[in-house]
Structure formats: structure tokens, C-alpha cells
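The listed protein sequences correspond, in order, to chains A and B. In this text, residue positions in the first sequence follow numbering that gives the first Met the number 0: the first is 0, and each later residue adds one. In this text, residue positions in the second sequence follow numbering that gives the first Met the number 0: the first is 0, and each later residue adds one.
Among the hints, a few may not be true.
The list cannot tell twin chains apart, which means a pair is met if one copy fits it or any two copies do.
[Claimed, not checked] Lysine to aspartate or glutamate pairs mimicking DMTMM-like chemistry, simulated, CA-CA at most 20 Å apart:
hint, residue 1, residue 2
1, 47, 108
2, 47, 110
3, 13, 108
4, 47, 82
Keep in mind the hints are simulated off the structure, nothing from the lab.
Number of protein chains: 2
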Amino acid sequence: MAIELSADVLALLKDADSLIPAIAQDSSTHEVLMLAYMNKESLSLTLKTGNATYWSRSRNELWVKGLTSGHTQEVQSISLDCDGDALLLQVIQVGAACHTGDVTCFHQELEMERN
Amino acid sequence: MAIELSADVLALLKDADSLIPAIAQDSSTHEVLMLAYMNKESLSLTLKTGNATYWSRSRNELWVKGLTSGHTQEVQSISLDCDGDALLLQVIQVGAACHTGDVTCFHQELEMERN
Chain A
0 MAIELSADVL ALLKDADSLI PAIAQDSSTH EVLMLAYMNK ESLSLTLKTG
50 NATYWSRSRN ELWVKGLTSG HTQEVQSISL DCDGDALLLQ VIQVGAACHT
100 GDVTCFHQEL EMERN
Chain B
0 MAIELSADVL ALLKDADSLI PAIAQDSSTH EVLMLAYMNK ESLSLTLKTG
50 NATYWSRSRN ELWVKGLTSG HTQEVQSISL DCDGDALLLQ VIQVGAACHT
100 GDVTCFHQEL EMERN
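Only chain A is shown next, with the shape it has when bound in the complex (with noise of 0.2 Å):
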């Protein structure tokens, strides 16, 4: 399998060389569930397989989302931002998004410091 970009897809997209950031949003109850990274790659891969593939900036190589945790993300669909340089992906999550087995990667609120 081809692990290209589409030129209409390419033509979108605002550096096609550099990280994208990705948002994943829980289709059903609309939690935000995660931001990670893709490259095109990744994108191509999820675009083509349905399963969310990003770019571990860690590791340094694709990751299929719950490969290893079975925690995978099928994806209903994905949008560009006005930019061209962000990506929301509304996905089916099949157990926790988060390592740490919560729900949310975002489970850290920070005090609000109004009078």
C-alpha cells in the first residue's frame, strides 16, 4: 500500500513537510481525547485504513493507535483547519485514549486565578 498523500489532500495542507498537529474528539459523546501528531504519512495511512496513525515525535516512527493497547481509534472522519495546519479527527474510541487509562489525555485542569 502506497503511503502517499492525494494531490488534492497535499495541495491543502499548509507545509506538507512539517508535524501536524491532530486532534481526536470522541464522536459519540464529544470529549476531546487527545492531541498528537502527524506526518503525511500518518495521514495518508488514516485516511486509507480508517485506523488512527499518528507520528510518535518520541519514538520517531508511525504509530497505529492502540497497536500494542488495543485502545485503536476508527475514524468517522477528519478536517483541515483554515490554516491548513491542524487536523480534528472524529474517531470511535475503543477503551481509554489516554496511557494512563483515563478517558481524556486532558485530566490536569489548571486553577483559574480571576478575583
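Assemble chain B onto chain A, guided by the hints.
For chain B alone, coordinates are given in the frame of chain A:
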């Protein structure tokens, strides 16, 4: 007004000197509105004022969302992710989040290529 982060918040950030992607989600509709970036000054201002304040990478300056357009974001809560390198804001969005006039910046859907 000092625009310094508290030591508590600083300690939670993976890298306080880098830009942190910040997702704005409508606290009422749960729609993901946009992704922008914060540095520690803009995060501090957001926590203190309750008005979403980003760092504009194109203008290289603090960017109080809606200051010129009137399309402000009143922040209800801010959460940090498990890695300390992404933020999720729950906001009350006044007017359209996107400079195009769209409700959300994520209005360009990509075509899935699954067979």
C-alpha cells in the same frame, strides 16, 4: 499585572519555554472551534483574565482573541494533558471562532479513502 505563571503551573508544563498547542472547545455545543498556541505569558494572562489569549506565530505577539473582531472567548476551564504539552480550553465563544466567519476553523473535511 504580572504576567508570570505560578510555580505550581510551571511545574506541570513539559517545556515552559516552548509554544503549547491549545484547543478551544465550545463549552455549550462541545464543538472544537480552533487550535492556536500559547506561550507561558499568554497562558498566564488567560488564567488571570479569563479571556483566551494566545501567541500569534505569524505576528509574533500576544493575541487576545477577539480584541479587534469582538469574537472573544470567555474561558470556563483549562486542562493540561498527561504529557504537559497540550491545553484544552472550554470557552464561551462570542460570534464566530474562525476569521472566515465559520463557527469552527475545522470546516475543510478530507475524503476518507477506505474501500
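**Q.** Unmet hints by their number, sorted upward, for this structure
**A.** 4
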